[in-house]
Each structure stands twice: as C-alpha cells, then as structure tokens.
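Required output: the full structure, derived from the provided sequences and hints.
Listed here are the chains, written in short residue letters.
There are 2 protein chains.
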Amino acid sequence: MLPLHLQPESHIPLYVQLRDQLRALVHSGELRTGDRIPASRELAGQLGVHRTTVANAYAELESEGLIRGHVGRGTFICGAPVKQFSPPPRSNGNGGAMPWEALFADERGEEGLSRLMPDVPPGAIAFTAARPPDEFFPVEEFRRCANDVLRREGRRILQLGSTDGYEPLKRGLLELLRGEGLNVRAEQLLITDGCQQAIDLVCKAFLRPGDSVALENPAYPGAIAIFASARVRTLAVGVETDPARTGHVGLNVDALETVLLQNRVKLLFITPDFHNPTGTVLPVAERRRVLEIAAHYQVPVIEDGIYARVRLRGNALPSLKRLDNSGNVIHIDSISKIAFPGLRVGWCIGAESAIERLRLVKQSTDLHTDQLSQATMAEFIRRGYLARHIGKMKKVYRSRLEAMEEALEKHMPDSTTWTHPEGGMSLWVTLPPGFDAGELLIHARERGILFVPGRHFYSQHPQPNTLRLGFAGVDEKSIARGIETLCDLLKAELRKRQRGVRDEFHARVALI
Amino acid sequence: MLPLHLQPESHIPLYVQLRDQLRALVHSGELRTGDRIPASRELAGQLGVHRTTVANAYAELESEGLIRGHVGRGTFICGAPVKQFSPPPRSNGNGGAMPWEALFADERGEEGLSRLMPDVPPGAIAFTAARPPDEFFPVEEFRRCANDVLRREGRRILQLGSTDGYEPLKRGLLELLRGEGLNVRAEQLLITDGCQQAIDLVCKAFLRPGDSVALENPAYPGAIAIFASARVRTLAVGVETDPARTGHVGLNVDALETVLLQNRVKLLFITPDFHNPTGTVLPVAERRRVLEIAAHYQVPVIEDGIYARVRLRGNALPSLKRLDNSGNVIHIDSISKIAFPGLRVGWCIGAESAIERLRLVKQSTDLHTDQLSQATMAEFIRRGYLARHIGKMKKVYRSRLEAMEEALEKHMPDSTTWTHPEGGMSLWVTLPPGFDAGELLIHARERGILFVPGRHFYSQHPQPNTLRLGFAGVDEKSIARGIETLCDLLKAELRKRQRGVRDEFHARVALI
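Chains as they are written, first to last, in my numbering: chain A, 1 to 512; chain B, 1 to 512.
Derived from the structure by calculation, the hints contain no laboratory data.
Any given hint could turn out to be false.
[As the list claims (entries may be wrong)] What the simulated footprint calls covered on chain A by chain B, stretch by stretch (three residues with Cβ under 8 Å from a Cβ of chain B suffice, anywhere in the stretch; the number is not a length): (1) 128-135; (2) 347-356.
[Unchecked claim] Between beta-carbon pairs, the in silico distance windows are: (3) 413(B) - 97(A): 48 to 58 Å; (4) 175(A) - 99(B): 23 to 33 Å; (5) 97(B) - 406(A): 45 to 55 Å.
From a predicted model like this one, the values you see are computed outputs, not experimental measurements.
Each residue gets a CB set at the ideal place from its N, CA and C atoms; glycine is no exception.
The structure is reproduced here in structure tokens:
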C-alpha cells in the first residue's frame, strides 16, 4: 500500500492531490524506476475515489515522463535521474567495467516501439497490427523475381551501389508515379530503407536539437520516437475524428495555423491519407489550406503517404505532393503496407535540392539501401505483380473493415464512438470520458484480445480513453468474436462505473 | 589571372601571404562558391614561386573548409556563407518556392563520399576502390541460397521483423564468432545495415553535438562524415606508417594517451586490423595499452573489424574485443569486404546494456535490417559458402598485393615510401615532402590511372603528399602497367621539381 492521503474536502481536485503525492514519492525515492504501481481501478478502490480520478493523475504523470504504462503489463515508474559521468583522476589503475547507462546520449528509459508490437499468445485475437497479413504474400511470384534478377544482374546487385537507389527500381517507381499522375524526374527521387528511415533522414537534414516540428496528435509513434531522440520539440496539432466539431475530420488546420503563427516551426509532418492511428482522410479543401499556410510561413511539409494506396472505398484524393506547385512538399512512401514490411524499401520525392541533401545524409548514414530487395521489387513491379497484389489485398481489407464496423455497430455501447476509415488498416475508438483503454486492455488480454491503447500515439495530452483497432490482420470470424468480447468487457465496466458513481455520490453525501 | 601580389622580401612566409590573400578574395566575393582555382603548379608558375608554397597555402585553406579539391577535377571554392532563414511577416500571400538551401541543418556544401568513388572511364586502371571485385562473386551459390530460403521461410522473411536481427542469421554469426574464439550471447549481438550504419547508431546513442571523439588520422572517411554531420568534434590521433618513429606502425598510442588526458573524450574509434587507408596493423602490446588507457579514462572503444578477416600473410592478432575483459569495446563488422557490398548487412557486438541501447536507436532509425539479405546470408554462411569464398579471395588479393609491391619496388623513386600491409585491400604511399597527390592525380587521370589522394582521409592536418592505392580490384597485369605509369609521372615531376628548385634559387639570388 502506498502512503497516500487524499483530502476530499480540499479545494484542490483529488486527481491533483494524487498526482502531486505520487510525484513526491518518486522524488523522495520511495518509488523507484521499475516499481509497478497499482492499476487505476485497484488504487481507486484502496483510496475510495472514482477510477477517473486515478486515471487522470496517471495520465498527467505519464505525460511528464514519470510513469509509463506497458501494454498488458501494468504501469511502472520510469523517471529516475541518470548518473552523471565524471572521468576518474589520472592515477587510478584499470578502471573496470564501463558504466554504459551513464554514457547514453539521452535519458529515455523506454521500451521503444516494441510496446506497439507485443507478442501475441497462441489463440489470441490481435487487433494490434496495422501491417499486411503474411498469409496473403505472393511468395512464389516474389521468389521467381529474386531468382531471375540474380541470374540476370547478380554481380551488379551484389556490388556496392549508388546512394540514389538501384536504377531499375528508380525507373519502375517513376513510371508507377507517372501512372498516378505525378511527373517526377530521377533527381527528385531517393530510395530509402522504408519510411522510418526517410523520417530519420529528414530529421538529420533539416533539424537541430531544440528545433520545433508540427506534428499531428495523435501520430505515428515511429515519427514521435525519431523527433524525441533527436531532441526536437514536437508541437502537437489535433486530429479531428468527429466531423461535427470542425466540419471535417483529419488535421485541425485552424490549430495548425495558430501553431505556425506562434512558433518558429521548422517542419510540418502530416499523413493526409488514412492517418495512423485514426484512419481519417484530410479533405481536398483542407489540403490546399495546409499548403497555403505552410508556404506562407515557409515551412516544408513532410507528407507520409504510406497508406494512401490502401483505399478501400470512396474516391482517391490528390496527395499534397500533387497539389504542391512550389516544391514545398517532401512525400515519403514505402512498400511495407502495400507489399512486404520485411524488405526495407521506401522512397521520398521532393525538390531536387532537398533530395540532393537527403542523398548526402543517407550516404553517411548507410551508403545505400540493400540492392537485393531493390532489384527484386523492381522486377515485381515491372511484371505487374505489385498492382495485382494491391488489388487483391484491398478486397481482403474491405471485407475485414466491414466486418469490424458491423460488429462495433452491433455490440458497442452507445456512449462509445469510432472512426469510419475509407482505407488504411485500422480504426480509432473513443470510449466514454474517464475510461482508460490501458485498463481495458488488462482485462481484454485475459480474454485473449489485444489492441493498442491510444495514449501510445500522443506526443502531448494523451487521451487515455482512446484505442486503435487494426482490422487488416484478422479474419472476419475472429473480428466478430473479438469485437463482441471487447464490447462485453466494456459494457461490464460501464455498469460497474455507474454503480461506482452512485457509491461516490453516497460517500460524498456522507462527508457533508 | 587572380589579383595576387606576393612579396618575397617580407618576413611573412610566402605561403601565408598567399593563403591570406586567397581567403580575402573569397570574403570580398571576388572568388565565389564553385569557382575553380588554378592547379598549384599552374599558379606557382604564374606567381614565380615554388609549387610547395601554393600546395601549403591550399592545404591550409582546405582544412579551413574554404576550398576543396575534387579527385581529378581540380580545386574549387566552397565557403560561401549560407543565407539566414527568416519567416515572412503574417500578411504576405502564398510565399512561393521553398528556400531549401537555407533550411539545411548544417552548412557543409560538400559532395559527400562520392568523391572517393569517382566514375571510372572505360579502359582506366582504378586503384580507387577498397572493395571486393565483382567478377569473383559466387552469384550462383548465392542465388540458390535466396531461392531456398524464400521457398522455406518466405512468409517470415517478408513480414516485419525484429530489430535485433533475423534469428537464423544471428545464430549463424554467433557460431562463426565462436569458431574464431569469441563467445558472445545473442543479447550482445545486433544486426545493422553494414558498418556505416553501426557507426551512425553509435553516434546517435552516445554522442551529442559538441562532444569529442578520438579518431585515427588518417581514417575511414565514412566515419569522419558521420561525426561531422552530427557536429561531433574529432580529435585526430596520428597513425604511424614508419616503424622507425615509434617502434611500431598503427595508432600512435602515446598520442592517444595525451589526447585522452587533455580532453573529455566520449568515444575512441579505431581500426586495429588493416586500417583504412594505411593498411597498418596495431601490435598486440599496443592493443593492450589502448584497452588499458581507455578503461582508465572510461572511454568506450569502437573497434572497426571490417577488414580483419582479409588477412593475406602473417599471423592473425586477437581483436580488441577478444582482449577486452571489461566489456568496454563495441566491435563493428560487416559482410561488405568479405562477401557482398551491395547487401547492407553488418553487425555489432558489445556489452548487453550498450547493445540494448543501440537496438532502441536502430528501431527508431529504420525498424530493422532488410530480411531477404539477412536470411540469404544466413544460408550462405550455414552452407560453408562464405568460408570458401573468403579463402578463395585471399589468394586473389595476396597475388595482387604482391604484384603491386613488386611494381612499386621496381619503379618508385627512392624518395617515396609505402606501407607493407599484411591484409586489407589497399596500401598507403608517401611522396616526397611538398608533393601534392591531388596534382599528380590530374596528370595520372590523363594517362588513365586513378587513385585517391590521401588528404580525403584526414580529419585534421591533411598531408597532401600521401595517397591510397587499392590493389584488391585490379588484376596483376593492370597493376604492373598502372604502377609503372604512375611512377613515370612521379619521376617526371621530381625532375621538374629539381629544376624548379634551381630556378627559385636563381630567382632569389637575383632579388638580393
């Protein structure tokens, strides 16, 4: 039991009292890095307060970096200061083992992105993934391509290559893009090890520690991680999931304008198509506004197009890159959502001078992207296998999305909302205020259901009552069963909560 | 003709006068970025001074970053200040095209590592490369491996993988290392996209802008480039190529100790086996001293082992990692010199906590290394193809090294020295003082001979009279012919120079 003493009669809100007392316990050393703290419901029970009180306190401590919830494992203290490194005096013998932890360039003690990809126990239904399911991979076609390019151009593939990218792949991509209405010269295209590397290269090329980036909130955690490790400040711009609020879903462009007006922003990072995690699409009018505002403030726009080809219904919208007349947009893309995540092959497109700089940065980062995968993908595209595979997968995903929506419609309690994506691989659920998706996950995991709590996607102001449900990797039957189980848990929680509110009301009345 | 006016009677050395006047011409705008300046011999002729005078002035301006020599193309101005970015006022319309150059995070205007890998004209003899020649690649064996792993485990290869590395490759490498006397656990091994990425990850994990790294001088330019772009200070520690000076070749360990004593050094980067570019090997006693000194000052050691398996004669020495009892060494390695540079597959080995941090950094850098190449290389190693290929290539390289040494012995003028590497892919030539290898290259190129001037390998105090000759990529006959031509050019230069000294002496006498 933690030594916590809340005063219900104080004018200080209970959650603030709790937050401050927990923080003091960390600073005094009574709670230490790695200590597990009780689940919010458990602590609420011990303290006789509502669970929302505890969840709010935890959310604030988490955004301060003092605690961190791990999917399905509970919440842990993570904020101990790092030891200061000071070299020993000159005359001190051999020195012994290296104090590695004291030498790290930053103080994050986190688990990295792995928490978004937890191990899936056998038999579990995992809504965690937003990646293509491997049972549909056209392995045989791919193998034939690898075989043929190695026979035909093996020596060239295996020899040191060009930082730009493997020429046949570049040619294939330029043609693919031309077919989609985007005319790009070879000098405007750089092959990367996937989108993750493209973001890392952009970060190295354009940002210094202390610079600011405007970023959707929530956003792709891989982008948040790169900016954090480069000590770049992220300025969170809200993503609307409820069209009633701003008239559209997607990035809140008014909020963006305010951020750019009030800050010296060096880059804007945005995913207009099937934004991960919310699945929203930014309307064309808003895309034009984003470009106008970014041009006005001379802020380059990094457009993440990784999900754009996974449109499952409705009409495709022009990318920012297509709408961009001034060369202000760097568009990043990859094969990992439309084909094979295990090959690290992506690309970026932009103004020639920007791409040339990214090429130089890539050169000193890893010389060039692996050529075996580049050559094989070039062949895979050339033979039309990629187009055919995308067509096949869209049918699979559409059916799975519909199954998920049907199940949600049928079983979700009224007070819960979710997005209705026209593509991508996941949708976004908002539970009633005060609910904690991390807590829900603990129970769901016991029933063999996994998902990713929404808070992992926020760079600021995490909303504990949100969660991401990936539909692409789960078959229709499992979706129906998994969503029903999840909704049952949620409804049970809702009932308990209603009882709890009554109890708390009674408790408060008794205090008067 | 440049407006230069040297005063031979001044007490200020001629080269200092020349340096300062050239610098002033850049600052006044009379010389601008991209302008080509005369070759040192040409300018020396115009000014009536010795070529060494011009070469010395150029060397200093180059180390200031104001001029840069490009292999075979001449010397150019590269020091114009970058425009300052200032956002436009609020009410200013669309903004127009992005001023990309003003947005780059650093101000280097260089060509990157490409200058070390110039295009080779048809028929030319290129001593530029220090990489395996592709005509010996066992493409057919490799193709069969790719084929079989895709048949056997295609879905797993093409699906998103683990940041650690593909498990069968990790297993194969651990076994390989065990066979070499190094017992390492899986947690101490991280797969990377080659050595270049390993250095980049180390840099991100352990260094902040302004930190200092001790680095061999000369050194691998890829390492210099990474540290420069991370705004890390490199402290140059000399590499001895003449055993008469310090009793051994390789890193000057006394100089290292002085650097560590006088500076707060965060990392030591060292290539003890077949150091690139000099080809030197650090003796065991000096390896032990390096470890002792590094442990004493608690400075982690990054050991680049990329050439170590390419030992062509003499006995193998234990790596720093094998001698390391305290876990202070991170050993980086790759398949690019022993097998295929076009596949970006390497690894690093170190203390568990250091590797765990590098894994986190890699995760946000590119998620994981391409799995097709990892899986194929695992199979290539498992079947014994790698060991067989290394054995075959060592014979090829040994014969080429001997051919080069024979030709040098036969044709080089007495005043020139070169290293006698026991392995690796290149040797290091020191021309008589005052000679400029960049100038020699201009003439050599006209005769169809290419090499890399030594100054590209220096982070500080470039020695213009050095050059690297790669022997691995050129057959014996071409080596004999190329070296003879190069020596002829050099001898012709020497004769001219002797005449020049007489002329200058006469000129100076005439002034008195």
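Against the structure, the hints come out as follows:
no., hint, result
1, 128-135, "holds (count 3)"
2, 347-356, "holds (count 3)"
3, 413(B) - 97(A): 48 to 58 Å, "52 Å, holds"
4, 175(A) - 99(B): 23 to 33 Å, "31 Å, holds"
5, 97(B) - 406(A): 45 to 55 Å, "48 Å, holds"
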